[in-house]
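Chemist: Kindly produce the complete structure, drawing on both the sequences and the hints.
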Amino acid sequence: MSKVLVFGHQNPDTDAIGAAIAFSYLQNQLGVNAEPVALGTPSEETQFALDYFKLDAPRVISSIKEEQADVMLVDHNEFQQSVADIAEATILAVVDHHRIANFETANPLYYRAEPVGCTSTIVLKLFKENQIEIPKEIAGIMLSAIISDTLLFKSPTSTEEDQLAAKELVEISGVDLEAYGLEMLKAGTNLSDKAAEVLLDLDAKSFPMASSSVRIAQVNTVDLNEVMDRQAELEAAMNAEIAENGYDLFVLVVTDILNSNSELLIAGERKAEVEQAFNVKLENNRAFLQGVVSRKKQVVPQLTEVFN
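Here the sequence shown stands for residues 1 to 308, where the numbers follow UniProt numbering.
Simulated from the structure, these hints should not be mistaken for laboratory data. Be aware that a few hints might be false.
Quick list of in silico lysine to aspartate or glutamate cross-link-like pairs, EDC-like style, CA-CA up to 16 Å [as the list claims (entries may be wrong)]: (1) 136 - 176; (2) 271 - 248; (3) 125 - 160.
Modeler: Written as structure tokens, this is what we have:
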């Protein structure tokens with residue numbers, strides 16, 4: 001039986017890794033020789049969850065050709081967010097909760113996309129539809145993914161389906177939702193010892209918008225000033241990435257997970273589009289966005305509309 005690799009997007013977050021682990025387990029129960037892999041090392045938040053539930057981090061890959069395997073994608077579909085040679089791979093399945101863009105295949109495939117807050121919410125449905133029992137540790141990493149993607153249900157991406165899924169997974173995993181969730185989220189906010197280049201790459205995605213290339217990075221914190229006090233260092237790193245990769249705009253979204261607000265730091269040529277998208281006036285390349293926590297729902301669509 002040929003091998004199938006299951007993985008999420010570059011700079012993987014807890015859902016990208018958690019959904020890969022869970023969906024790979026499900027596929028193995030259904031007779032597929034599937035292995036969860038990753039396109040980067042886990043963040044501190046994700047590693048906290050993996051350690052808590054005694055799961056190994058998936059091995060990191062950089063090429064499909066080297067693996068000689070077919071693939072299944074979770075938590076993404078856009079090729080620029082995937083492994084470098086994804087266009088050459090045979091994609092058997094996609095399970096995702098994002099927009100569909102820059103994606104095509106030569107062959108038919110299984111595609112499951114739903115407008116929920118987390119891919120792992122969809123994976124839970126697949127377990128139930130196939131009547132496959134979920135082990136405690138798999139339930140735990142899926143619950144962790146939902147907590148992460150919805151910021152403990154404070155994000156506007158959160159849906160009733162995510163909350164119901166979390167309740168089911170709490171029953172299986174046996175954790176206290178609020179206590180565990182806050183501890184896990186705080187584990188991902190240790191930023192002071194990280195270089196600017198590392199901060200910008202923790203959770204960053206590239207988006208084609210009309211003829212422009214936009215890079216949007218997001219970091220979570222419990223103190224906005226802890227990050228924004230490093231503005232000069234961050235701007236230098238952002239401009240270096242623009243020069244190296246040809247981005248037209250680099251947006252850093254710094255999110256306060258306790259108060260559910262964000263502050264933007266902007267670099268690049270297309271700053272006017274940022275002001276128009278969020279109805280703000282940039283001051284020193286910065287803007288405060290009240291109630292904004294979701295890149296997927298509160299940042300990308302607004303910028304896309306302006307660029308298009």
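Chemist: Measure nothing beyond the straight line between the CA atoms of residue 136 and residue 176; if it is 16 Å or shorter, mark the hint as holding.
Modeler: Within the cut-off at roughly 14 Å; holds.
Chemist: Run the distance test for residue 271 versus residue 248: straight-line Cα separation, threshold 16 Å.
Modeler: 9 Å, holds
Chemist: Need the status of pair residue 125, residue 160: alpha-carbon distance at most 16 Å?
Modeler: Status holds; Cα separation ~14 Å.
Checked against the numbered hints above, the structure violates none of them.
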